[in-house]
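K.L.:
We have chain A already, so just place chain B on it with the hints.
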Amino acid sequence: MQTNSAIRSTLIQLIEAELEVDIEQLNLLDDDANLLEAPLFLDSVDLMQLSAACKKAFKLSDLGELSTVTLNTLAEQIITKLTQQKHASLLDTWTDQHSALGEQALLTLIQASKDTEITGTVRVIKDSAPCDIIKSVMILLAHNITPVLCATATTSQDAFSWKDLVITPQHEVVQPGSITQFLQQYSDKTIGFETSGSTGKPQIWQKSIASLHAEAVTFADTFGFGDVDYFCACVDIRHMFGFIWAFMLPLQLGKPVCYELGSTPDLQPIKNKHIAVILTPTMFDFVADQISYQHHYLISSGAPFKGEKEQKLTQLTEQKALSIRAFEVLGSTETGGIGYRPLACNETLFTKFSVVDIYQNAEQKTMLRSPFLVVDCEAFELKDKLVFSSHQQFSHAGRADQIFKYAGKRFSLQSIEKVLTEHFAGLRHKVFFIEDSNNNKGGELVAFVEGLSHTPALQDIRSWFKDLPTPQVHFLAQFPENELGKITLSALQESVHE
Amino acid sequence: MNNKQETFITGYGVLCAAGENRQAMLTCIKQNRTGIGRIHRFDTQGLAHNVGALAVNFEAYVADNYEMDLASQYAIHAVEEALTHADLVLGEVDNTRVAFILGNANCGMFSLIESIKGKHQKGFKFYPPHQIATDVSRHFGIQGPIMTFTSACTASSSAIAFAKQLIENDQADVVIAGGADALSELVYGGFQSVQSLSPEPCAPYSEKMGLSLGEGAGFLVFESAQHINKRGGAARYQLLATGSSLDAHHATAPNPEGDGVRRALLQTLSFAPVTASNIEYVNSHGTGTPANDGAELNGIQTAIGTQAMQKTWVSSSKSYFGHTLGAAGAVELISTLVSQDDGLLPATLGVDSVRPCCKEYQLVTNQPRPHVVDVFAVTNSAFGGHNTSMLLSHQEKPIPSQSLQPVYLLTATSLCDEKVYLARENKTDGFSEFNLKKQFPSLFQRRTPNVTQFALGACQFALQDSELDLTQLPLAEFAAYYANPIGSSETLNKNLASFCEGIAELKSTHFPNTVVNATLGQLALGFGFKNSATCVSDLGNDFLHALWSATLDMREGRSRYAMVCGSQDDTALSKQVWAAHQFNADIGHFASAALLATSAVLPAGYQPLAEIIEFIQINDTQQPNSLDKLLKAHARKLSRVGNIVLSAHHDSAFGAIAASLDCHLPQAQLIKYQPQCVPRHSTELAVQALMHALNTPTNNTELDQTLLLSVNLAGSMTGCILRTVRK
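Chains A and B, in that order, give the protein sequences.
Oh and the first sequence: position 457 is 457 in full-length UniProt numbering, straight run, nothing missing.
Oh and the second sequence: position 461 is 461 in full-length UniProt numbering, straight run, nothing missing.
Please note that a few of the clues may not be correct.
Among chain B residues calculated to face chain A with C-beta under 10 Å, some are [unchecked claim]:
#, residue
1, S193
2, K438
3, R446
4, C500
5, A504
6, L506
Partner residues are not named here, just some residues of chain B that face chain A (Cβ under 10 Å, in silico) [unchecked claim]:
#, residue
7, Q195
8, A225
9, H250
10, A253
11, L266
12, Q367
13, R447
14, K507
15, T509
16, H510
Derived by calculation from the structure, the hints in this document are not laboratory data.
Where a beta carbon is used, it is the ideal one built from N, C-alpha and C, also for glycine.
Okay, chain A solo, but in the shape it has when bound:
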């Protein structure tokens, strides 16, 4: 939602451009001055145009009567209408900060797009607004083209947006079926998701529509969401987690979604409506204060939800006597959902989703088999260390042991981390071994430590590691987190170079 000052600034621009008012006169305008009086002396025709321009600029379907108008009252009226409109449009559509999209309108658009030729077999989608992404994905699927969702801005000239199509406008006619039925027609098709990867190397994973659907069905069955009126999603649907939880799941449940992205997400609920909030740990910090009794679910994924965040949620739940059902979902793009853990109730164990099978293979590797895996993968080797306390429950013990070969000897990354933990207790740290065949030791061992005010001397650091290789330690004021709350090597390295 735009702030009052941003709205005021837009209003001034509109008055100057649309009503042909001299800027000198506008400079004399007080925020509480009646626009029909000095210094502007607008008339009813001006107000009609101003109303039309405001509706266009702020994407309002209605602004209501403009009677006693000042910049302040107009800004307030716009904020009120924006809120009302958001609430109204939520009830039957996908809504983002730019537009709203109804299921029928989407079906009509898909139908209309069929008259247009779209080339290629795989196209990266360049849209960033959720409603646009949904349109582009569906249109590509309808043309048997594999859409690829990439959270970082694409520079490819071949990137696709539905907005680039010349589609003959059609009056919305009732299209048979639903988007769910439409997707069923393309269940064997895939959508590509590009991950940044913890090593910083982007990779595209293909997920079939069938697997995405299966995952949504599982989540719906597991959590219910029966008393939820709509979803509020603070996650980017270009990520797999976002696409499943903020598009496929609500679609499966037949519930509307409001996408609240950016640094000022608005979680204020419609009166008497119950919300399920989908977010990442990072976004939790931005919305925590808005959580109220109307927020019935909170689903977090993308990175661990722990420490201060969980404490804060616990406090909020107690202070506000919330009945919110909060869960952390463990999974990745490659694996899909693995399990879930209730938050704010001192629970550390995850419960495995019933359709997920985790086992040790003949090589003693932890393998995962589930209907949510990426295409052409029967079983996936887990990099996470899961410690099972029962058949269904496990704790997440971080990444599995990672052995690296340094100067001809094998070492465990965990042993390096252990030393760092001893000397930087309470501080976040990360350690990586970057393989490099040109390096005569086989690669480079680097560590990053967050928030240390006094940097220790290199000699001291060397003394800590004794028989272990000494990493090159970088001290950062704050670790960079991506929108999912993940800390990647590439981002850490960029921070060092800044």
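P.N.:
Just chain B now, with coordinates in the frame of chain A:
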């Protein structure tokens, strides 16, 4: 004293959403059926609603091969029916004594938009509203006066009022007058931008607010009793009187008390052989908008008195066929006539719940009322705050004789102002660089288009040049007459630019200035003019026609002062329009203004420029013998002409006209007016010729009159007989 010819209606024809003839319209009225529905002719995507009233069977006229604008085709259909109804065969009457007077609001907008869409190439040719009058009149071989009134929703009632003046002054035996308009998306979107349209068929006076736009044509045949008797025709109704006024209140909104409606109706009554208590029914403008209905009813009541109002039935016919804009006055009058022919008063449909401000009136709602009336009125109002009314009767009423007032031209500015004129001729100054905001800041208003700024400036110059005590001039008593061939092309350009982004992008700040008479409204607002008014368009003789309209009104005593103003702007779009008429418009804007007064108010010793004696007109100078017949018919009026100033846009017109003048006015010296500096505007040549005529007095006391003859771009010639006073 003048023994006026009484004016009778002998036939009428109509085409609108309620039917394509009188009988179909009557059936619609009797069945309480509205012709208003969804609009499918053009794309209304993005608009809040798409309710409107397209003419029945309009598809038959929307041909690929355009020979004339859709409004012209509607008009031809309605005129044919009117002539048949009047049992009048034009070939059997003197065609130089037949006049055609058109009311139009939308210009040839339909054709222009179709051209812009690439459907044909003639949109610019058909755009000037007078092209519609030219095409229709020539289709019927009419050779008498041709005038086009463009005061938006009062245009056809203005045309009817002028028809009456032509009959009364014996300038025509038959006048076919009415209005025609075709609805275009630009107009539809414009009304939507000012939030005037109703989401459902309009129901004036009801709680349901908003108007429904319509289209079509309505024409009536007016004749003098003498002519009806001569040809053995039948008078059906008598047009008793007409009147008009200006609100001087707001560009689009009417005076909230209906004061302009009151004054127009009072003026009408003052010229009528009946009193207010004789009025049994009023067919009101009743648009359905919140601003109009209550104010109009209040204005009518204030004019005729509360007691008379309680006995007077009122309805608006717009719920049958929508607001037909330039055709509204005529179509609504015809709806009353066809109803009365069947003993009914037309109703206003869809009135479930009457608005509080309309409750105290005797409304005919939801079904026609069986009731035959003798005297009835029709009222109309328009953008620019222009109001008209007319009184009619079933029974013949003798019109009292009336003394006619001599009308004088006091000043004619812009071209008369020697400094400005010469400066402009020498390109050293600039009238073309005239800046209203700097020169007359009190007259300047934000968003005022150039065509209006120049008009306001010219009028102010005219007042100053009169050397009268401006502080003593009763400006509210001034009548105002405005002339412009195509309106503000600057605003149209802006509007088209918005339209290119989508019909929903049209701006309310632009729309009011798209109507031709927006400038008339601004003159009223700027100077406080509140008396009679008309707005005319032509293809070159615009200013002369405004002068003609003013002269007739003033001679009747409707006003003692009048401001006559013409202006024209210059844009890429206007250039295209004039290029389509084989006229190469040059740069700059142009305005001229003339101050008129009757002898009654001239200060002692004041020397006006000239007395305006008479006007004559012939439709097509290319038609053999027509000019001879005209000059022969007006031989007595022309007997004192010593000088003839003849101007024509196209040289080819000169030869035949000169020969005819030589033959019929051998006593007069013919001055072929061809200025060294080629006129830059289509209307400018006639004004320059007028100034030349004023500056070329005869020295012969017997032949003391000058005849100005100006041939417009379509070959139509208007003549003005002047007696120069100030030499």
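K.L.:
The structure should be examined with respect to each hint, and the outcome stated for every one.
P.N.:
Quick rundown of the hints versus the structure:
no.: 1; hint: S193; in the structure: holds, 7 Å
no.: 2; hint: K438; in the structure: violated, 14 Å
no.: 3; hint: R446; in the structure: holds, 6 Å
no.: 4; hint: C500; in the structure: violated, 15 Å
no.: 5; hint: A504; in the structure: holds, 9 Å
no.: 6; hint: L506; in the structure: holds, 9 Å
no.: 7; hint: Q195; in the structure: holds, 6 Å
no.: 8; hint: A225; in the structure: violated, 47 Å
no.: 9; hint: H250; in the structure: holds, 8 Å
no.: 10; hint: A253; in the structure: holds, 7 Å
no.: 11; hint: L266; in the structure: violated, 28 Å
no.: 12; hint: Q367; in the structure: violated, 34 Å
no.: 13; hint: R447; in the structure: holds, 5 Å
no.: 14; hint: K507; in the structure: holds, 5 Å
no.: 15; hint: T509; in the structure: holds, 4 Å
no.: 16; hint: H510; in the structure: holds, 8 Å
In terms of the numbered hints stated before, the structure departs from hints 2, 4, 8, 11, 12, listed from lowest to highest.
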